[in-house]
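Asker: Sequence:
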Amino acid sequence: MNTDKIYAEQLANEYALKDTSKVIALRKLDAKAKLPATVFTYTFGIITAMVAGVGMCLSMKVIGNGSVAMFVFGVIVGIIGLLGMGVNYPIYKKMLAQGKQKYAFEIMELAKEISEK
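Note that the numbering used here has the sequence shown beginning at 506, numbered continuously upward.
Treat the hints with caution; some may be incorrect.
Within a straight-line C-alpha distance of at most 27 Å, the following computed DSSO-like cross-link-like pairs (lysine-lysine) qualify [unchecked claim]:
id	residue 1	residue 2
1	Lys527	Lys607
2	Lys533	Lys605
3	Lys607	Lys537
4	Lys539	Lys527
5	Lys599	Lys510
6	Lys533	Lys598
7	Lys527	Lys566
8	Lys539	Lys617
9	Lys598	Lys510
10	Lys617	Lys533
11	Lys566	Lys605
What follows is a list of derived Cβ distance ranges for each label pair [unchecked claim]:
id	residue 1	residue 2	range
12	Phe576	Lys533	32 to 38 Å
13	Tyr608	Leu587	32 to 38 Å
14	Leu516	Phe578	54 to 60 Å
To be clear, the hints were calculated from the coordinates, so they are not data collected in a lab.
Remember, predicted model here, so these are calculated numbers, not experimental data.
Even glycine gets a Cβ: it sits at the ideal position worked out from N, Cα and C.
Let the hints inform the model, and build the full structure from the sequences given.
Answerer: As structure tokens, then:
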């Protein structure tokens, strides 16, 4: 395998003149297919990480009154946050597959038009 040739072709493709309207349209369709899954994943991941952090702070007596009830509540909240983080990636993959399926035909047709030139 000639990696220099692959690199040169990749670089040449980057600088080659393109039919900008179709290439831009293809990029926009790709982003449109992926954006909902990405936004959800980041939002849900941040929220569940914060929930896990609050649970850890409660269980380690950083916040709260330090009672046994707060410790148990903190452990429960932390576990809920960790479970949320655990299901985040499978949800992302499912949403991404749905987005790709929704725009697959349009993307394939546009990519075929661009590649035939």
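Asker: Checking against the hints above, which ones are violated?
Answerer: 5, 7, 9, 11 and 12
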